[in-house]
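**Q** Sequence:
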Amino acid sequence: MVGSNGVKGTKGIQPACYSRTIEVANTVIFQGAAGIAHICALLMTVIMIVHVRSKFTAVGRKEIISFFWGYFLLTIISLLVDCGVVPPGSGAYPWFVAIQNGLSSATCISLMIAGFVGFQLYEDGTFLSVWLLRICSATMFAITFLISILTFHHKLVFASRITLSLILGTPKLSALLLIRRLLPPNTWRTYICNTG
Numbered sequence: 001m002v003g004s005n006g007v008k009g010t011k012g013i014q015p016a017c018y019s020r021t022i023e024v025a026n027t028v029i030f031q032g033a034a035g036i037a038h039i040c041a042l043l044m045t046v047i048m049i050v051h052v053r054s055k056f057t058a059v060g061r062k063e064i065i066s067f068f069w070g071y072f073l074l075t076i077i078s079l080l081v082d083c084g085v086v087p088p089g090s091g092a093y094p095w096f097v098a099i100q101n102g103l104s105s106a107t108c109i110s111l112m113i114a115g116f117v118g119f120q121l122y123e124d125g126t127f128l129s130v131w132l133l134r135i136c137s138a139t140m141f142a143i144t145f146l147i148s149i150l151t152f153h154h155k156l157v158f159a160s161r162i163t164l165s166l167i168l169g170t171p172k173l174s175a176l177l178l179i180r181r182l183l184p185p186n187t188w189r190t191y192i193c194n195t196g
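According to the UniProt record's numbering, the sequence shown holds residues 1 to 196 in order.
In case anyone wonders, no lab produced these hints; they're calculated from the structure.
Cβ pair distances, simulated, as ranges:
id, residue 1, residue 2, range
1, Leu146, Leu43, 26 to 34 Å
2, Ser90, Glu123, 41 to 49 Å
3, Pro87, Gly118, 40 to 48 Å
Taking lysine to aspartate or glutamate pairs in the DMTMM-like style, the calculated list, with each CA pair at most 20 Å apart, reads:
id, residue 1, residue 2
4, Lys55, Asp124
5, Lys62, Glu123
6, Lys55, Glu123
7, Lys62, Asp124
Glycine included, every Cβ here is placed at the ideal spot set by N, Cα and C.
Put together the whole structure using the sequences plus the hints.
**A** Here it is in structure tokens:
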């Protein structure tokens, strides 16, 4: 997955063994249990979206629905990657994994910004609230996607050696940078003094 193999000239790292597979309609599905878990997560996400939409008095309704749609897309891409629909040795695999990483970062940021509604930094459901969430999520998706795809194609010299830490740390880094900008220490101090 890290890039081209200098010995064999192929893309990706071919695993020595796979988990149990299921053959359905001449299609081999890897990690059947993970696939079932992803399908259950998709169903539960749809149920949550329907329930949140039906509540007219819910705080941050538009923001949390945006988070659920991002999570829905992330689960679909994860289902494709985890179940082997996109084979690890194919040329499309780095692109799908980069999309998965980007959606993971965007979903984390979306949940974090939706959580700011409770601090009353801005009114929920307003133009500012919804577009702040969308723009920040799209920005974090783009940053994580570009870092991931450039890492896979060895365009970032420093990053190709630390692929795992880069991919695992990108959502956390983006959340940390955003929280440092949006929640200055005075906001935390005011919140703690009023509730404590």
